[in-house]
Structures are given as C-alpha cells and as structure tokens.
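Undergrad: Order-wise, the sequence lines are chains A and B. If you count by our numbering, then the first sequence holds residues 1 to 252, one letter each, in order. If you count by our numbering, then the second sequence holds residues 1 to 243, one letter each, in order.
Some hints could be false.
So the derived list for chain B, only partly shown, Cβ under 10 Å to chain A, looks like this [what the hints assert, rightly or not]:
(1) LEU6
(2) ARG11
(3) LEU16
(4) GLU74
(5) ASN123
No lab work stands behind these hints, which were simulated from the structure alone. C-beta: ideal position from N, C-alpha, C; glycine also.
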Amino acid sequence: MPESSSGPAVEVNKLSFAYGRQQVLDEFSLEVPGGISFGLLGPNGAGKTTLIRLLVGLLKAKAGTILTLGRKPSPKIAHLIGYMPQLPSLYGELSVIQNVEFFARIYRLRDRKQRAQRVEKVIRLVDLWEDRNKSVMSLSGGMKQRASLACAIVHNPPLLFLDEPTVGLDPELRVTFWEYFSALTRQGATLIISSHTMDDAAHCDRLAFMRDGRVIALGSPDELRQAAGRAQATLEDAFLHFVRREEKKDVG
Amino acid sequence: MSASILTIASRIINQLIRDRRTLILIIVVPLVIASLVGVSVPDKRILDYTAPAILAVLILFFGFLLTGISFLRERSQGTLERLMASPVSRLDIVGGYLLGFLLFAVLQTMVLFFYLIYVLNVNFYGDLWQIIVFQVLIGIGAVCMGTFFSVLAKNEFQMVQFIPMIIVPQMFLCGLLWPVEQMPEYLQWLANVLPMTYGVSGIRALMLQGQSLLEIGKEIGVLAAYAVGLLILAAVTLRRGSG
C-alpha cells in the first residue's frame, strides 16, 4: 500500500459549500480515523455526494478546510486516493481489462509486469476475470459496478471514496461488495462510503448520519442503536430518533 | 511528452478501433462528399480549385464533431470526473485527445488526398508531407475547438447545433465555393478573422501553386495562434474545481 500519513485519514473543519444560492454544506466538521470503513448515511440531498466531491478535489469549498491524508486535496496526492463515482464511469467500447489497465496507467503503475499482475489481481477480486475481454457496454449493471470498483482500487490506494457503491446491486452482490470492502480495511485502507440504505450502514465501523448538509449523529453502529434508547432499536430507528431530535431543536 | 498523454491517446485509438462503424464512417463519409463534388462540378478546373479546400474543410468538420461528441460523452458518462480526480493534469487530458484524434486526422487526410488525386484526377503540384503537416495544424485547431465547445453543450443534440453556428459559416466564408475577394467588404472582414480562411488559402498555395510551408508563414502563424489560443481555452475550461 502506498505511503500515507499517521494522523486521521480525513479532517474536515467548518466546511461550507453552496450551488449558487442553494446551501449544501454549512460549517460541516468531521474527522475520520485511518484504517476503518466510515459510512456517510443520509437521505438523497443530504450533501453526501457533494462532500465526497469536495474531499477528492473535484469541487472547491467556499469556506473551511479539508485535509485528506494530512494534505489539502490536490493532484499531488491524487495517486493516494481511489474514487468510485455513483455512475459506473467506464469506457463502454473498451473491455473490462482495457478499462482497468487504462486507470492503472493513469495512476502511474509504470512497471509493465507489476501493472499486469495488479490488473489481474483486482479483476479476479471483483470476479470478472472470465469476462475480462467483454466490452463494458455489454455487461449487466452489477458487473459494471464491479468493474468500476476494480478501476478505483487498481493502484492500491490507502484512502478510498465510494459514492453509493451498492446502489442497484442485488442482495447477494451487495454482500460480496462488503466482503471486498472488509478485505481492504483489513489491509489498512480507509474507506469512506456514502449510502442511503441502513443495510450498508450496519457494515461500517463508524457512521455519520447526515441531514440537510449537517452531521446529526456520529458513532459506531452499536453506539447509535443504543443512543436511540430502545433495546431492539435498528439503525433505521436510530436515524429517525436523531432526525426527530434535530426537528425539535429547530422548532425550539 | 508525458506518459499520461500517451495513455489517453492510446485509449482513444483503442476506443475508435473497437467502434468499427464510427471508424468506417470517418473514412468513407469524406470520400462520399468528395465524390459528390467530383461528379457534380461541370468543369475540371473548378474541381482542381475546390478539392484542396474540401480536404481542409473536412478535417475541420470531422475533427470538431468527433472531439466535441467524445468529450461530451466523457463528461456525461462520468469518466471525465474520474480523470479529474486522478493525478493527470488538464493539459494531459487535452493533449491526449489532441494526439489521439490527430492520428485519425492524418489517416483521413491521406485516404482523402489519394482519392482526390488518383480517383477524381485532381491536379496537384506540392509535396505530400507538407500537405500533411499543414492538415495536422488545421486538425489541432479543430480538436481544440471541439473540446472547448463541448464545455458549452449539455448534450449531444446541443453539440450538433454548434455545427451550423461554428463550422458552416466558416465553410461559406473560407473561399471553398467562391473567392473571398469577391465577397462584400464586410464579409471579407469577417472571413479574415476566421481560421478556416487561412486553412483554405494555405492548402491551395501548397497543392495548386506548389509552394512550400516556408512560403505560407502568415497562414501557419494565424492557424498556430488559433490552435494555441483554443488549446489554452480548452484546458482552462476543464477546471478541476468546476464540478
């Protein structure tokens, strides 16, 4: 795994961002320790994708600071970061192996032999080796998601941003994806995963519940369930508990 | 040249090679247009005069269209966002596009050139390599123009609308159909600020008068200035923070 800093993987301090007049994030702060899977959970429009795009440097903050691996987001640290956008974001005419090979070269895996080994390893990891020569446009939605994940992890980044990676996947494939993610964190990678399903939330080491561009609760899945105040509370119950608490605050 | 430029260029070449229908259309459509002109003109001297301009204009047209649509697809399918989050620079992305599509522009030029000379029997006095170098210069401008205008379009339909806005006026005013000098003065002024006027004037000097590249310095200078300006504009509009 490439070099990384020993501090938090991500530090966000009083971050604000707006699309025109629409405020998306307002004085948003967050710290993500290294080597864990961290879930950004919230409904559509909560600001999860905007936050991820800010963290990978695709958007510039209006106010506040961001440190990823101890440094400001920039092309200089882009080789340490993996990014899987919401859309599969692949070249449809090219085969699976051509897509993965392309991103391996873009992420500066220069040595031909090492690159070939790495490309094969990640394609096998996502279980597409038998389909490696098929054009991406001929694949099913789930296979495209797997190919997209292979492109995001081919350079073995210590920090990985996955924007709703399990959307549209069947339950079996969703489990498989979480097995990949667990394997990556066991190897020391930090994963920041956005989702709006509580099924994904249960797999994360830590969670931030988000609503209207703010963090309304932070903790491990167990801590958040306990905070809901009921013995058999689910994460969904916990989320609704924190939403109601925020609504009371707003009214008050 | 950076490794990223070569990587992006080779990806574009791979994409077009795998998209056989598009590849065939790139080669065949210019030949069909040239044939239509060839059989429809009543006088062989008119064809000799028009053929070099067709060569230049078709490179502009296809360079603009192919790059514009490709870049737009790169945006709409999310791959541009993925590239912008990677270590490659904006200039690498535009440079990769430039190199990838220029190879097809050279291929298109050579096929069309030999078709004009050997099938339509167009008279020709210059050097092939000088014609190719000049065509590459027009191609660079076309690729940068396509990249830049793709930023302004939100979908492929809008991109196609730029053809009547950006390309067709240049076709009418560049001297393809009648000499610029015979146009009204205000149209001559307009023609003289459009790059294609210099493209057509340069290619005619090379092909019809047998001049060398050294003798068409003004045309090369104007086209190079347009290419550099559009290259900078294309790279600037691909801002990392633009979202």
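Undergrad: Confirm or reject each hint.
TA: Hint check results:
| no. | hint | result |
| --- | --- | --- |
| 1 | LEU6 | holds, 9 Å |
| 2 | ARG11 | holds, 5 Å |
| 3 | LEU16 | holds, 8 Å |
| 4 | GLU74 | holds, 9 Å |
| 5 | ASN123 | violated, 40 Å |
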